[in-house]
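Taken in order, these protein sequences are the chains called A and B. Start counting the first sequence at 1; every next residue gets the next number (our numbering). Start counting the second sequence at 333; every next residue gets the next number (our numbering).
Certain hints may be false.
Straight-line distance between alpha carbons at most 20 Å, and here's what the computed SDA-like set of lysine to any residue pairs gives [stated by the list, open to error]:
| no. | chain 1 | residue 1 | chain 2 | residue 2 |
| --- | --- | --- | --- | --- |
| 1 | A | K83 | A | V70 |
| 2 | B | K537 | A | R266 |
| 3 | A | K81 | A | P61 |
| 4 | B | K537 | B | F364 |
| 5 | B | K537 | B | P376 |
| 6 | B | K539 | A | R266 |
| 7 | B | K537 | A | H267 |
| 8 | B | K537 | A | A268 |
| 9 | B | K537 | A | E265 |
| 10 | A | K91 | A | R75 |
Derived from the structure by calculation, the hints contain no laboratory data.
Spelled out, the chains give:
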Amino acid sequence: MSDRALLEVTDLHAYIGSPRGVVKAVDGVSFTLQHGEALGVVGESGSGKSVMARAVMGLMPARSGRTGQVLFQGRELLTMKPKELQEVWGKQIAMVFQDPGRSLSPVVRVERQLTEGMRRHLGISRTEANSRALDLLREVGVPDPERRLRAYPHELSGGMRQRVMIAVALACEPDLLIADEPTTALDVTIQRQVLDLLRRVQTQRRMSLVLISHDLHVVAGRTDRTAVMYAGRIAEIGSSRTVFQDPHHRYTHALLSATPTIHHERHAPLNVIPGSLPSPTHPPAGCRFAPRCAAASQECTQAQPPMLQFSDDLDAACIHPVNTKEGELVGR
Amino acid sequence: MAGSGSAHLRGDAAVLSVENLEVEYHTAGGSFKAVAGVSFDLLPGETLGIVGESGCGKSTTGRAVLRLDPIANGHVRFRDETIETASHQRMRELRRDMQMIFQDPVSSLNPRRLVKDIITEGLAIGGQGAKERAAVVPELLEQVGLPPERFAEMSPRQLSGGQAQRVAIGRALAVRPGLLICDEPVSALDVSVQAQILNLLEDLKSKYDLTIVFIAHDLGVVRSFSDKVLVMYLGKTCEFGDSVEVYERPAHPYTRGLLDSVPSPEVEGGFVGPALQGDLPSPLNPPSGCRFRARCPMSQDKCAVDEPAMREVRPGQYAACHFPLV
Chain A
1 MSDRALLEVT
11 DLHAYIGSPR
21 GVVKAVDGVS
31 FTLQHGEALG
41 VVGESGSGKS
51 VMARAVMGLM
61 PARSGRTGQV
71 LFQGRELLTM
81 KPKELQEVWG
91 KQIAMVFQDP
101 GRSLSPVVRV
111 ERQLTEGMRR
121 HLGISRTEAN
131 SRALDLLREV
141 GVPDPERRLR
151 AYPHELSGGM
161 RQRVMIAVAL
171 ACEPDLLIAD
181 EPTTALDVTI
191 QRQVLDLLRR
201 VQTQRRMSLV
211 LISHDLHVVA
221 GRTDRTAVMY
231 AGRIAEIGSS
241 RTVFQDPHHR
251 YTHALLSATP
261 TIHHERHAPL
271 NVIPGSLPSP
281 THPPAGCRFA
291 PRCAAASQEC
301 TQAQPPMLQF
311 SDDLDAACIH
321 PVNTKEGELV
331 GR
Chain B
333 MAGSGSAHLR
343 GDAAVLSVEN
353 LEVEYHTAGG
363 SFKAVAGVSF
373 DLLPGETLGI
383 VGESGCGKST
393 TGRAVLRLDP
403 IANGHVRFRD
413 ETIETASHQR
423 MRELRRDMQM
433 IFQDPVSSLN
443 PRRLVKDIIT
453 EGLAIGGQGA
463 KERAAVVPEL
473 LEQVGLPPER
483 FAEMSPRQLS
493 GGQAQRVAIG
503 RALAVRPGLL
513 ICDEPVSALD
523 VSVQAQILNL
533 LEDLKSKYDL
543 TIVFIAHDLG
553 VVRSFSDKVL
563 VMYLGKTCEF
573 GDSVEVYERP
583 AHPYTRGLLD
593 SVPSPEVEGG
603 FVGPALQGDL
613 PSPLNPPSGC
623 RFRARCPMSQ
633 DKCAVDEPAM
643 REVRPGQYAA
653 CHFPLV
């Protein structure tokens with residue numbers, strides 16, 4: 001393992017063509033991910049969190065474009081040839097999606113879905129692949145794994161399918177697992193089990209993890225760092241603890257206080273973020289949250305605020321941060 | 333846990349009283365009871381939250397109250413009306429007084445009509461003339477926070493999810509219902525929009541003194557919105573009580589497990605207590621005795637034989653469990 005970060009994303013833009021114009025789904029995102037680190041990415045719909053992950057992977061829809069730099073173990077992914085990319089997919093970077101029903105093939109037994117990638121990437125024999133598949137199902141906590149190997153996806157429950165999906169993703173021992181809303185389709189007690197599982201395999205295998213969710217609470221407490229996205233940009237990024245307990249960006253703060261928790265006082269009004277998301281094709285100049293922000297000044301609407309470092313473990317793109325005195329910014 | 337019984341009902345003062353409700357679904361795999369003996373009631377002006385995971389029967393319960401799903405067994409009383417025996421004609425009249433808001437706001441609005449017509453739909457069915465209806469459109473739109481001059485002539489596809497849900501709320505309240513059933517009204521919405529809709533409902537509730545059944549899977553949302561809460565599991569009731577009491581001191585092991593499964597940003601590792609083991613059982617073949625026993629950390633032999641009934645574990649708090657957490 002070198003000192004170099006596993007993944008370095010610099011000024012990534014991803015544009016998608018639509019009948020109404022070009023959607024700037026990801027518009028200048030930069031972050032790094034260390035070996036063995038878990039990064040949470042949160043945001044509401046339209047924040048660009050899923051497109052960002054797909055842009056990193058190279059899984060973009062038709063009529064789309066990407067610019068910027070995505071260095072994975074020092075290799076540029078954006079310009080990589082499809083053949084080379086296929087070697088990276090599955091073997092070095094694997095992905096788990098929201099809907100396990102649609103990402104598993106309905107006509108192929110669990111066993112072959114698990115062994116296919118291993119035989120292709122690792123060049124191992126069928127017998128060895130089969131025995132590894134059994135180990136994988138055990139690792140992800142599928143009960144009665146011998147029988148489940150012979151099952152088709154529709155014979156499994158939603159939570160079980162997501163476990164199988166995770167086993168498929170882990171099969172070739174990737175260095176990075178990207179999980180895009182892996183528990184959104186699941187019930188809360190099953191979500192709990194799957195999140196525990198992800199965290200466990202991530203730490204045991206010393207694998208890096210990007211956990212994408214619309215739910216701030218899903219990401220908090222199970223990741224080392226968190227990035228909050230809004231309208232295609234990172235609003236705030238830092239250690240998960242700081243982002244959730246001491247957020248500096250006005251959007252993060254507003255989002256946290258708009259979310260009812262199980263400790264919320266009964267019938268107390270929730271803090272509201274007025275308005276709605278800006279147009280994805282013609283976003284406002286300056287800070288994209290400014291039209292909905294109570295603290296916005298004229299300065300905010302003129303130029304995109306720079307990423308400011310507030311402490312060793314927190315950066316936010318906000319010139320009127322929460323919990324900070326006006327003068328503190330000077331000199332940073 | 334997960335049992336039947338009606339010890340928690342509060343008698344004639346209730347606006348809506350549901351007793352031992354059963355709803356059956358017939359599938360290719362056989363018939364099963366999606367709701368298998370559920371009881372609850374609501375006092376005037378009260379909000380009851382119904383929570384549970386998929387397949388627990390919470391939505392079916394709400395639909396059965398309006399007889400949108402047929403009632404197989406049990407007794408539903410709304411004011412002085414017996415719902416299960418009311419004629420179709422009478423049900424049509426009663427549904428004016430019992431309105432419903434659904435999860436997917438866009439698909440619950442007729443795409444071929446304009447907002448001004450949709451929001452007065454109930455009034456039209458009630459026999460109001462076009463002129464009278466046109467006169468109330470601005471007021472109806474304003475009370476749900478939509479500027480009439482901008483929205484009255486729009487069609488549903490031009491609305492965002494939050495705006496569409498506002499129209500659905502306006503439509504439901506236009507007829508001044510005695511009961512409002514909200515089935516997952518905010519679960520399709522983003523957090524920032526969800527807060528707007530919850531605050532709107534809260535305002536309208538105190539303005540019109542609404543009696544509300546609030547069905548949701550999100551425990552935080554239910555806590556913030558409900559006076560009383562009913563926890564369901566696989567077609568049965570687990571626990572009923574004051575929402576603060578139930579959240580602070582859950583008596584049913586399932587309620588406890590559910591609350592412990594809610595991610596908490598304050599806790600290292602993200603969760604408060606241990607995870608519930610196992611998967612939800614199939615409703616086609618539910619476990620004997622207590623339906624929760626297979627996943628219950630407290631389960632004993634008795635749980636497989638006897639189905640627990642709802643009983644008072646603390647004043648005003650009821651649980652269907654042989655070994656409640658007290």
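Structure-based check of each hint:
1. A threshold of 20 Å between alpha carbons decides the hint, and for A/K83 with A/V70 the separation of about 17 Å falls inside it, so the pair holds.
2. This hinted pair checks out: B/K537 and A/R266 have alpha carbons roughly 14 Å apart, not beyond 20 Å.
3. Simply put, A/K81 and A/P61 have alpha-carbon atoms about 17 Å apart, close enough for the 20 Å limit, and the pair holds.
4. The suggested pairing of B/K537 with B/F364 is violated, with an alpha-carbon distance near 36 Å, which exceeds 20 Å.
5. Restraint check for B/K537 and B/P376: the C-alpha separation of about 12 Å stays at or below 20 Å, so the hint holds.
6. A C-alpha spacing of about 17 Å is found between B/K539 and A/R266, which places the hinted pair at or below 20 Å, so the restraint holds.
7. Taken as a hint, the B/K537 and A/H267 pair is honoured in the structure, with Cα atoms around 10 Å apart against an allowance of 20 Å.
8. Between B/K537 and A/A268 the alpha-carbon distance is near 13 Å, which keeps this suggested pair within the 20 Å criterion.
9. At most 20 Å may separate the alpha-carbon atoms for a hinted pair to count; B/K537 and A/E265 meet this at roughly 17 Å.
10. As the CA atoms of A/K91 and A/R75 are separated by approximately 15 Å, the hinted pair is consistent with the 20 Å bound.
Comparing the model with each earlier hint shows a violation of hint 4 alone; every other hint is respected.
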